[in-house]
Amino acid sequence: MFLLLFVFSFVASSPIQDTVKLAEVEVYAPALDRFAQGQKVMSWTKQDLNNYQGRSLADILQEQSPVFVRQYGAGMIASPSFRGTSAGHTAVFWNGLPINSPSLGQSDLSILPISAVDQVSLQFGNAGALFGNEAIGGSIHLESGSSFGKGLEVGLMQQVGSFGLLNTHLTGGFSTQNFSSKTRIYRDFSKNNFSYQDLGRIRTPERKEDHAQFDQSGLVQDLSWNLNESNQLKAAFWWNKTTRKVQPVMGSNTQDEQEDQSIRAALDYFHFGKKSILNLKTGYVQDKMLFNESLNQTTQYFISGDWDQTFTEKWTAKTGIRYTLAVGELSTYTKDDSRIELYQSTKFKVSEGIAFSLNLRQLIYSGTFAPFTPNFGMDWSFWNNGSQSLQLKTSVGKGFKVPTLNDRFWNPGGNPDLKPEESLNGEIGLNWSGTGKITWKQGLTYYKMSVDNWIIWLPKGNVWTPENIKKVNNQGIEYQGNLAGDIGTWNWELTTSYTFSKAVTTQGTDENDQSVGKQLPYTPQHQANAKVRVEKAGFSSSLGTYFVGERAVTSDNPRMMRSFQLFNFGIGYDRLAIGKLHFPLSFQVNNILNTDYQVLYLRAMPGRSYQLNLSILL
Amino acid sequence: MKLKQLLWASALISVSFACSDNNDETPLGKYDNGILIMNEGNFGTNDGEVYHLNPNTEELLPNIFEAENLRPFAGLLEDIVLEADRMYLVANTGKVEIVNPADFKSLGAVSAELDQPRSLAVNGSKLFISDYGPYDASYATPDSYVAVVNGLDGGVVTKKIAVSSKPEDLYSYGNFIIVAGSEQDIIEIIDATQEAVTKTIALEASPMQFYAEDGVLWVYAVASDEVIIYTINLSSLTLGNTYTVPVANATNRIAFDGNDEMYILTSSGYPDYNDAVVTIDIEGNTATATELMTGSGFYGIGYDDDLNQIYLANANGFQGNGTITVLSETGTVIRTFDVGRGPSGFWVY
Chain A
2 MFLLLFVFSF
12 VASSPIQDTV
22 KLAEVEVYAP
32 ALDRFAQGQK
42 VMSWTKQDLN
52 NYQGRSLADI
62 LQEQSPVFVR
72 QYGAGMIASP
82 SFRGTSAGHT
92 AVFWNGLPIN
102 SPSLGQSDLS
112 ILPISAVDQV
122 SLQFGNAGAL
132 FGNEAIGGSI
142 HLESGSSFGK
152 GLEVGLMQQV
162 GSFGLLNTHL
172 TGGFSTQNFS
182 SKTRIYRDFS
192 KNNFSYQDLG
202 RIRTPERKED
212 HAQFDQSGLV
222 QDLSWNLNES
232 NQLKAAFWWN
242 KTTRKVQPVM
252 GSNTQDEQED
262 QSIRAALDYF
272 HFGKKSILNL
282 KTGYVQDKML
292 FNESLNQTTQ
302 YFISGDWDQT
312 FTEKWTAKTG
322 IRYTLAVGEL
332 STYTKDDSRI
342 ELYQSTKFKV
352 SEGIAFSLNL
362 RQLIYSGTFA
372 PFTPNFGMDW
382 SFWNNGSQSL
392 QLKTSVGKGF
402 KVPTLNDRFW
412 NPGGNPDLKP
422 EESLNGEIGL
432 NWSGTGKITW
442 KQGLTYYKMS
452 VDNWIIWLPK
462 GNVWTPENIK
472 KVNNQGIEYQ
482 GNLAGDIGTW
492 NWELTTSYTF
502 SKAVTTQGTD
512 ENDQSVGKQL
522 PYTPQHQANA
532 KVRVEKAGFS
542 SSLGTYFVGE
552 RAVTSDNPRM
562 MRSFQLFNFG
572 IGYDRLAIGK
582 LHFPLSFQVN
592 NILNTDYQVL
602 YLRAMPGRSY
612 QLNLSILL
Chain B
5 MKLKQLLWAS
15 ALISVSFACS
25 DNNDETPLGK
35 YDNGILIMNE
45 GNFGTNDGEV
55 YHLNPNTEEL
65 LPNIFEAENL
75 RPFAGLLEDI
85 VLEADRMYLV
95 ANTGKVEIVN
105 PADFKSLGAV
115 SAELDQPRSL
125 AVNGSKLFIS
135 DYGPYDASYA
145 TPDSYVAVVN
155 GLDGGVVTKK
165 IAVSSKPEDL
175 YSYGNFIIVA
185 GSEQDIIEII
195 DATQEAVTKT
205 IALEASPMQF
215 YAEDGVLWVY
225 AVASDEVIIY
235 TINLSSLTLG
245 NTYTVPVANA
255 TNRIAFDGND
265 EMYILTSSGY
275 PDYNDAVVTI
285 DIEGNTATAT
295 ELMTGSGFYG
305 IGYDDDLNQI
315 YLANANGFQG
325 NGTITVLSET
335 GTVIRTFDVG
345 RGPSGFWVY
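Respectively, the protein sequence lines represent chains A and B.
Converting from the first sequence to the numbering used here requires adding 1 to each position, the first position being numbered 1.
Converting from the second sequence to the numbering used here requires adding 4 to each position, the first position being numbered 1.
Think of the hints as simulated: they come from the structure by calculation, not from any bench.
We put the CB at the ideal spot given by N, CA and C, even for glycine.
Check each hint, because a few of them may be wrong.
In silico DSSO-like cross-links for lysine-lysine, where the CA-CA straight-line distance does not exceed 30 angstroms [claimed, not checked]: (1) LYS163/B x LYS209/A; (2) LYS209/A x LYS109/B; (3) LYS209/A x LYS164/B.
Derived CB-CB ranges, DEER-like [stated by the list, open to error]: (4) THR204/B x GLU330/A: 39 to 47 angstroms; (5) ASP257/A x GLU208/B: 34 to 42 angstroms; (6) GLU208/B x GLN256/A: 32 to 40 angstroms; (7) GLU187/B x GLN256/A: 21 to 29 angstroms; (8) SER196/A x LYS109/B: 25 to 33 angstroms; (9) PRO138/B x GLN526/A: 38 to 46 angstroms; (10) ASN58/B x GLU207/A: 33 to 41 angstroms; (11) GLY274/A x TYR143/B: 56 to 64 angstroms; (12) THR204/B x ILE365/A: 54 to 62 angstroms; (13) ASP107/B x GLN48/A: 55 to 63 angstroms; (14) GLU260/A x GLU187/B: 55 to 63 angstroms; (15) GLU207/A x ASP107/B: 21 to 29 angstroms; (16) VAL464/A x GLU333/B: 26 to 34 angstroms; (17) ILE264/A x ASP107/B: 52 to 60 angstroms.
Put together the whole structure using the sequences plus the hints.
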C-alpha cells in the first residue's frame, strides 16, 4: 500500500495555480457519469488502488465490488459477471478504447494489473447507448495519465510474498506546466506453488501446485502536452506480456502454457472552446495469444471524434462517431470486421437537484445494423436538510452484443448468420447520504433486465457451433454502504456491500433443456463484502472480508458448489522518511483463516498467503 | 400424494428384494447388477460420473463414485472395463480409477504418467492402457502408446509401448493384447510378456470396438460411407470374415445385443447435423442396416438383453445433465429420464 503512484495522487489533490481553464482540464479525461444519469457507477480511490498494487483487476473486483469473478485458479483466467450476465456481457475500456478481444468478446481480468492504471470505475447495467458493444451487464473503465507541474518524481516498489511472489515496479515522471511524462515498468512473478488437497487423486493427498507459474512484465508510458491554452494532446501506451503455466483442473494432467501479449496505444487531441470540447482520438489495440503452439492474434484500429457542447446552464450535449477496424488472424481463420457507430447524448438539468439524460447509439458492423440503443435516465435529489440528503436514480435502456469474430468465423462451426444479442434494462436506486460526526452514504438499487438472442455454442455431431438460442431474465438488489468517522485521533471507515442476483433462463435450447426457470451456472445469488479501516498519523490497518454464495456448475443446477467467505488483513506505515526520500511500508495477509475453497469446480485456490511491500519514493 | 409415492417406493423396494432373493446363485452387491450409465462429463469441468440403474424398478442412483468414495470422480469418463473382479474407470483426462464392482469403493488408481487414456485390458497381473499420448502443435497425436502397469490395483506405469496414432479399444487373449489402431486403420498385436508389438493387420476402415462371442472376436470399424465388421480368429490371430454395410457417418458408439445384431449411432455433421440410430443385422454372410430413429444430440448407446431394450443417451449440448431414452427393439419410445453430464455409454450386466 501507499506506493509509488501515490505521489501523483498527493499532488493531484492539492490546488494548482494555473490558468483557470487548465486547472479544470488538468489532464482531461471525460467523466464517466456526465451523461450517466440514473445509472449506478462506482470508482475506487487512489488509496484503494494503492492497496492492490501487484494484484490484478480480478482481485479488486472480487473483493470490493458486487461483481462476481469466475477465477480458473491462482493467477489464471478470470472473467467478470455483472448482475448475473456472462463474461462477454461486460465492456472493458482503457483510456476510452474498448479493449475486449474482438475474437473472444471478453477480457481476462487476471492480466490487467492495477499498477498499470490510475483510475478504475465500474458502471452497472445496460449502457449500449453510452458505451456501445457488450455493455450489457456493465462496463469497466480504466484510465492512466500524467499530471502537470510536478517536476521529477521517481519510485521503486518491491513486493515479496508467499508462493514465490516477487514483484518489482519502477516509476519515473517528469513534468512542467505544459508537458508531462510518466513511465512505469513492472514485473510480477509468482510460482503459485501453493498446497491444496487434490480431490482428483486417490486418498485426496495434499499436494503442491506445480503448474501455475505466473510471469508478467509491462511498460506504460503516458504523455501530455498543453499546446496552448485551448489545445491539449494526450498519448498513452501500454505493453503487457504474461506467460503462464495453465493450472490444470483437478484430475487432469494437462501441461498447457499460455502467453498473452498486448500492445495498446491511444492518442487524443482536445480542443477546449468557449463552451465546448472537441476530442479527436485514434487508437490501436493488438492482442496475441499463444496457447501451447497455437497462435491467435487480433488487431483493432480506432478513429473517433466527438463534440461536447454546453449550450446553456441547463442543456448539454455530445455527438460523436467512431470507426473501428478489427482484424482477426486466428489459428483457424483470418477475417476482418469494420464497424461504424454514431452516438448522441443530451443532458437536461432542470434545477440543481434534478437532471435527465437521453443517450442514443447506432452501430453498423460489416454492413449489418446492430440494434438501435436508446437510454433514458434521471437523477433527482428530492430531499436535503443540510446534513442529510436523499437522491433517486432511475434509468431504462438497451444494450447489445455483436457476435464475436469466433462466433461468426471459427472454422469449423462459426455461424455467419448469428444475430446480435439484445438486452433491455431498467433500474431504480435510492441514495442516502449524511455528514456530521459520522458521514455516510447508503445506496440501494433494484434492477431488472432481459437478454434475448443469447449466443451459446452447442455440439452438433463432432462440431460445436454457436446459435442465438437462450433468453435470460435477471433481476436483483444491490446495496452499498459507507460509514466514516473518528474516535479520538483515529479515523475509521467501514464499507459494506450486498448483492442479491436472480438470473434465470426463460428459454432454453430445446424441450429437453432442464435449465428453464433455473439460475445461470456460476452465478451466486448472494454476494457480500465488508471492510473496516483505521488510520492514525501515517499508520493504517484494515480488515476485509468477502462472501460468495452457493452457485451451480451447470445451467440445470444439479451440482451446487459450497459458499465461501475469505478474510484479508493489511497493516502499513507511510511516514518513514530520510530527507527527501520516503519509505512506505506495508504488510498483508490474504485468506487469513486458510480457508479451502474453489471458485469454479475442481479449480484449486491458494490458502493463507503473506505479502510484504517496500517502496522508495523521491 | 407423498404417501402414494412412499407406497410406490416401498413396493419397488420389495420387488427388488424379491428379485435378488430369486437370484441367489451369486450374491449381488449394490452396483454389480442392472445397468451402469457412464456420464463422460464436460471438458474443462471434469464432472464425469457413473449412475446406477435398476432397469426393473427404474430406480436410479446418481454419482455413485462420489457417493461411495466421498470425493468427486474428477475426470472425463471415457470407458468402463470389468475384468479380474475389478471395475476400471478410464478417464481420458489422464487417470484410471479402480473400484470394487459390488460397492464401488476405491481399490486403487493409475494417477500419473498417462495423457489421454482410452481403454484398458488385463493380462495376467498386468494392466494395458491404450493412450492417445500428448497433442503436438497441430493437435495430432504422433506419440500414442499402450501403457503397462504391473498390478491389477494400479500403480505406476512401467513401460509405454509405442503404437500407431489414436489407439482405441483393447482386447486381451492368451498372451496377447489386440489393439484397435484407429487412425492408421490397423490392428496391432502386443505380446504381453515381451511388451512389444509383434504383429500388425491392415484393415480398410478405422477400428473402434471389439466384441468377443463364442471364440470369435468381432471388430467394428468405420469409414466415411460404410461400416466394416471383421472377425478375427483368436487362435491364429488372423482375419476371418468381412461384412461391409453401406452406412454413412458412423460414429464409434456401438452396442451389441449378443445375437449377431448391433446398434450404432451415426452423425451427418455439417450442415444438417442429423444423428440416427442404425441397426446392423448379420445373417449368414450378409449384413443389413436399418435406420431405427433420427434426431440430434445422440451421444451413447446401450442394449439391455434381459428386457430387449435399447438405451439411447442424449448429451443435451453439455449445457447441463443429459437424457436417456429407452426404446423397444422396433424403436418405440418407452420412457426417458435424466442422468449426469454427457452420458456416453452403458455397462449392462
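Do the hints match the structure? See the list:
Note on LYS163/B and LYS209/A: the hinted pairing holds, with a Cα-Cα distance of about 26 angstroms set against a maximum of 30 angstroms. Note on LYS209/A and LYS109/B: the hinted pairing holds, with a Cα-Cα distance of about 26 angstroms set against a maximum of 30 angstroms. Our distance criterion of 30 angstroms between C-alpha atoms is met by LYS209/A and LYS164/B, whose separation comes to about 27 angstroms. The given range of 39 to 47 angstroms is respected by THR204/B and GLU330/A, whose C-beta atoms sit roughly 42 angstroms from each other.
Checked against the hint of 34 to 42 angstroms, the C-beta distance between ASP257/A and GLU208/B comes to roughly 37 angstroms, which is consistent with it. A C-beta distance of roughly 37 angstroms is found between GLU208/B and GLN256/A, which places it inside the suggested range of 32 to 40 angstroms. Taken as a hint, the range 21 to 29 angstroms holds for the pair GLU187/B and GLN256/A, whose Cβ atoms sit roughly 22 angstroms apart. For the hinted restraint 25 to 33 angstroms between SER196/A and LYS109/B, the CB-CB distance of approximately 27 angstroms keeps it satisfied.
Restraint check, PRO138/B to GLN526/A: a C-beta distance of roughly 41 angstroms satisfies the suggested window 38 to 46 angstroms. In this structure the hint that ASN58/B and GLU207/A lie 33 to 41 angstroms apart at CB holds, the actual value being about 38 angstroms. At about 58 angstroms, the CB distance of GLY274/A to TYR143/B agrees with the hint of 56 to 64 angstroms. Range check, THR204/B to ILE365/A: Cβ separation about 60 angstroms, and the 54 to 62 angstroms hint holds.
Hint check: ASP107/B to GLN48/A, Cβ distance near 58 angstroms, so the stated range 55 to 63 angstroms holds. Here the CB-CB span from GLU260/A to GLU187/B is close to 30 angstroms, at odds with the stated 55 to 63 angstroms. Between GLU207/A and ASP107/B the CB atoms are about 27 angstroms apart, so this pair conforms to the stated range of 21 to 29 angstroms. Between VAL464/A and GLU333/B the C-beta distance comes to about 31 angstroms, which sits within the given range of 26 to 34 angstroms.
A hinted range of 52 to 60 angstroms holds for the C-beta pair ILE264/A and ASP107/B, which are about 59 angstroms apart.
Hint 14 from the earlier list is the only one contradicted by this structure; the remaining hints agree with it.
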